[in-house]
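**Student:** Chains as they are written, first to last, in our numbering: chain U, 1 to 202; chain L, 203 to 340; chain D, 341 to 406.
A hint or two may mislead.
As the list claims (entries may be wrong) - Restraint-style ranges between C-beta atoms, simulated for each label pair:
| id | chain 1 | residue 1 | chain 2 | residue 2 | range |
| --- | --- | --- | --- | --- | --- |
| 1 | D | GLY396 | U | ALA134 | 50 to 60 Å |
| 2 | L | PRO272 | U | ALA141 | 40 to 50 Å |
| 3 | D | SER366 | U | LEU176 | 33 to 43 Å |
It is worth saying that the hints were derived from the structure and are not from the lab.
These figures come from a predicted structure and were not determined experimentally.
By construction, the Cβ of each residue, glycine as well, lies at the ideal position given by its N, Cα and C atoms.
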Amino acid sequence: MSAYWPWWASALALSAIAVGYVHLLGRTMGVSGSVARTLRYRQELAAERTERGFESDAELVIALAQATRDAFGELAPALDATSVPAPAGALAPARRLPIAGEVMFLAMMIGGAFVAATLRGAFAVRLDMGEEFARLVGTGARGLGALFVGGLLVGLGTRLAGGCTSGHGLAGCARLERGSLIATACFFGTAILVSRAMEMSP
Amino acid sequence: MINRTALVMGAHGFALGFALSCIGFADWGEVHRMFTLVDLRLLFTFVGAVGLTAAGFAIVGRGRALGSRPLQRGTVVGGVLFGVGWAISGACPGASLVQLGEGRVAALVTIAGIVVGVRLHAVARARWLTWDHGGCES
Amino acid sequence: MTCPHTKGCALFPLFSQESFLAIWKSTYCEADYAQCSRYIASAKGEVVAATLLPNGKHLTNRPKTR
């Protein structure tokens, strides 16, 4: 009997967080994407720095006019801030979310788990991964090796598939995206098969 | 650099980590029981969450305005690899962070593996997998 | 053939907005888009700053006069 939340409360919590994310940030939430962006922190920061010099698309247009002259010759007029009209119709698509936010998202996941575990008295610094893991996968070096290899497959696989349980499984499936439905079927199906195999091996 | 958007993202991260811990998503045994279909609680959670999220997106409206992502070539292979890794390590990327928050320091090894896997993919992507991934925002 | 990334591109809408910027479209987006630095970078999985031009140069903002 688990002391964990019942399924309906769990479903409610996860969906509220996923929907809130889209509503407030205009993007779907995806942990593997955040991990990937965080791991190329320097490039993300460099891109943000060059973009920070421009406060509006009008400024981009002015700079583009100059760049057009440089690249193609005297084909573009010299502009100043007064002669560029505000973009009509659709604005430029939403920019990337701030990389500092991605880092905070991941860091706070650890924090949130810490608080939750502490509140229910389940926090404990320990090296093991539970009794089932020890029985079915292994202990000591074998167990740690399995965790590393498992993690590697997770890292590689989620990037190849373009998402994980949150990105594809939750948000993508909720939007009935073909890629997400296929990805989710693949990773869930495979995990089910592998888990069964683990139970069956002597 | 830490603006309001970053704080909102952080708040969602906190909520997600908190919820996943209370749901038992970082418990290797719980997740294994989901995969072996012995305990259907997490499965119902997942299906319920997808349904509620779909409803939420429909109400909020922005879900549709986001546009759809094209199918990536590595989807099936990636899904299979991810499934194998998840079954063994018990960690989809988020779960490994939750495990760490709960004090399971072995999750650091899992996370190290994830980092290596992501970097491996980045190298492969730059050198060999240079096909169209569907957009400039990967 | 038009570049498949125009929908999410930060610069394409601006190229479409001003007539004097259309030359970027006729040179890259609607022609040889495989030569566009933005397209090449994204195919390699790199971050594409909004200031990256199809010819590989970066936009720089003039210091604001006050």
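**Student:** Give a verdict on every hint.
**Tutor:** Outcome of the hint check:
1. With their beta carbons about 54 Å apart, D:GLY396 and U:ALA134 fall inside the hinted range of 50 to 60 Å.
2. Distance hint check: the CB atoms of L:PRO272 and U:ALA141 are about 42 Å apart, consistent with the given range 40 to 50 Å.
3. Between D:SER366 and U:LEU176 the Cβ separation comes to about 37 Å, which falls inside the hinted range of 33 to 43 Å.
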